[in-house]
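Enquirer: Top to bottom, those sequences are chains D and Y.
Residue 198 in the numbering used here sits at position 198 of the first sequence, and the numbers go up by one each step.
Residue 306 in the numbering used here sits at position 32 of the second sequence, and the numbers go up by one each step.
Any given hint could turn out to be false.
Covered stretches of chain Y (in silico footprint by chain D; criterion: 3 or more residues with CB under 8 Å from a CB of chain D, positions within the stretch not fixed) [what the hints assert, rightly or not]: (1) 311 to 325; (2) 334 to 340.
Beta-carbon label-pair distances, calculated as ranges [said to hold, decoys possible]: (3) D:M172 to Y:I292: 27 to 33 Å; (4) D:L205 to Y:G299: 41 to 47 Å; (5) D:L190 to Y:T322: 38 to 44 Å; (6) D:K166 to Y:I296: 32 to 38 Å; (7) D:V144 to Y:P313: 35 to 41 Å; (8) Y:M318 to D:I37: 22 to 28 Å; (9) D:L178 to Y:P313: 37 to 43 Å; (10) D:L34 to Y:T307: 49 to 55 Å; (11) D:L190 to Y:I292: 19 to 25 Å; (12) Y:G303 to D:V176: 49 to 55 Å; (13) D:F50 to Y:T307: 42 to 48 Å; (14) D:R44 to Y:V302: 25 to 31 Å; (15) Y:T307 to D:L239: 16 to 22 Å; (16) Y:G299 to D:V99: 34 to 40 Å.
For the record, the hints were derived by calculation from the structure and aren't laboratory data.
All of these numbers come straight from a predicted model, not from anything done at the bench.
All C-beta atoms, glycine included, are put in the ideal place defined by N, C-alpha and C.
So the chains spell out like this:
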Amino acid sequence: MEPLILASASCDPASDNICKPDNVIELFQFEDALFSIGPFHFTRTVFLIFLAMTVVLLLLYFGLRKRSIVPGRLGVFVESLVTYVRDEIAVSIIGPEGVRYTAYLLSVFLFILVGNLFEVTPLVNFPITSRMAIPLFLSLATWVIFVVVGFAENGFRYLGGLVWPKSVPWAMRPLVGLIEFVSTFLLRPLTLAVRLFANMVAGHLMLTLILSSGWIFMSSFGDAPLWKTGLVGPLWFTLGLLIFVFEIAVSVLQAYIFTLLAAVYVQSSVHPEH
Amino acid sequence: MEEIKGAIALVGYGIAAIGPGIAIGIVVGNAITAMARQPEAAGMVRTTMFLGIAFTEALALIGFVLFFIA
């Protein structure tokens, strides 16, 4: 229980404004390395990144290894994932040329999905997407893709259409163009990363706090009054288990939303002014 | 007047959650209305609903992150 985010031990409510653990900054920086190879620090997060990559690769390899008319159970599952990303996300949003982006969208979707589901995997219990570096990198990769696609498909008319939109009245064009420019090039990658990051941090914190406080209530039997250990503890723990189920849904939904927004951003670069 | 103690960031997050809360309610409510009127368009409506939720939710989440970095 030592590394648990429990702030109560090191907090004095009289002097501290807010009881937060000492290692909140760990969400944005790397924690203590397990071992280091030169400048590369191999932390738990890095280990889990490689684990997620391996899981995705194995899933795709074993799912699509035998191409038969009637695939096996795993084959059906993987094929339905692939066709869902291709048909429902890539093609239905970007259009017929969306097939080109299926590979990127599928790998992003599966990586985020596995990374998010680490949150509710027993013995792992740590979503790698709750470290800012990973959502930020994924969203910057998406940013590079949709900017490059915009310039490649439309040339400088892409930038011109953004900062000098023809469809609004002449007097409004500088203002709308400025807002469009800021929201496209600055706010899109930021919100894309922050959405995934904040959802996973919030879920992780909620699970940790509720499950562990329920456990502490129950395990302090004898020290605390009976209504606390016998009534509040199990109820609190049950609430934690309900949130556990809720977090599975959130994990899948956030992976879906990230992929969906990546597709929407690419679409707005392929066909601007829609 | 007594000094106000506590974290202002907490109040900020509370305020930041009001608008998106109302907005997500409006988005989902209208999506349900649309799906009930035209069940055959439910797939398209659902995708757009998630998009709308994602855009509105970002504001609340930025408030949540400010709580950590403030």
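Enquirer: Per the coverage rule (Cβ-Cβ under 8 Å, at least three residues), is the stretch 311 to 325 of chain Y covered by chain D?
Expert: holds (count 4)
Enquirer: Taking the Cβ atom of L178 (chain D) and the Cβ atom of P313 (chain Y), is their distance within the range 37 to 43 Å?
Expert: At 42 Å between Cβs, range holds.
Enquirer: Given a hint of 25 to 31 Å, does the C-beta separation of R44 (chain D) and V302 (chain Y) actually sit inside it?
Expert: Taking Cβ atoms as reference, R44 (chain D) and V302 (chain Y) lie about 37 Å apart, which means the hint is violated.
Enquirer: A range of 35 to 41 Å was offered for this pair. Does it hold for the Cβ distance of V144 (chain D) and P313 (chain Y)?
Expert: Distance hint for V144 (chain D), P313 (chain Y) holds at roughly 40 Å.
Enquirer: Could one say that the CB atoms of L190 (chain D) and T322 (chain Y) fall in the range 38 to 44 Å?
Expert: Because 23 Å falls outside the window, the suggested range is violated.
Enquirer: Taking 34 to 40 Å as the hint, is the beta-carbon distance of G299 (chain Y) and V99 (chain D) inside that range?
Expert: Given a distance of about 37 Å, which is inside 34 to 40 Å, the answer is holds.
Enquirer: Please check whether L205 (chain D) and G299 (chain Y) have a Cβ separation lying inside 41 to 47 Å.
Expert: violated, 24 Å
Enquirer: Is 27 to 33 Å right for how far apart the beta carbons of M172 (chain D) and I292 (chain Y) are?
Expert: With a Cβ separation near 29 Å, M172 (chain D) and I292 (chain Y) satisfy 27 to 33 Å, so the hint holds.
Enquirer: Take a look at whether the Cβ-Cβ distance between L34 (chain D) and T307 (chain Y) falls inside 49 to 55 Å.
Expert: The hint (49 to 55 Å, Cβ to Cβ) holds, given that L34 (chain D) and T307 (chain Y) are roughly 53 Å apart.
Enquirer: Range hint 16 to 22 Å: satisfied by the CB atoms of T307 (chain Y) and L239 (chain D)?
Expert: violated, 32 Å
Enquirer: Within 42 to 48 Å: is that where the Cβ-Cβ distance between F50 (chain D) and T307 (chain Y) falls?
Expert: The hint (42 to 48 Å, Cβ to Cβ) holds, given that F50 (chain D) and T307 (chain Y) are roughly 46 Å apart.
Enquirer: Given a hint of 49 to 55 Å, does the C-beta separation of G303 (chain Y) and V176 (chain D) actually sit inside it?
Expert: The hint (49 to 55 Å, Cβ to Cβ) is violated, given that G303 (chain Y) and V176 (chain D) are roughly 29 Å apart.
Checked against the numbered hints given earlier, the structure breaks hints 4, 5, 8, 12, 14, 15 and satisfies all the rest.
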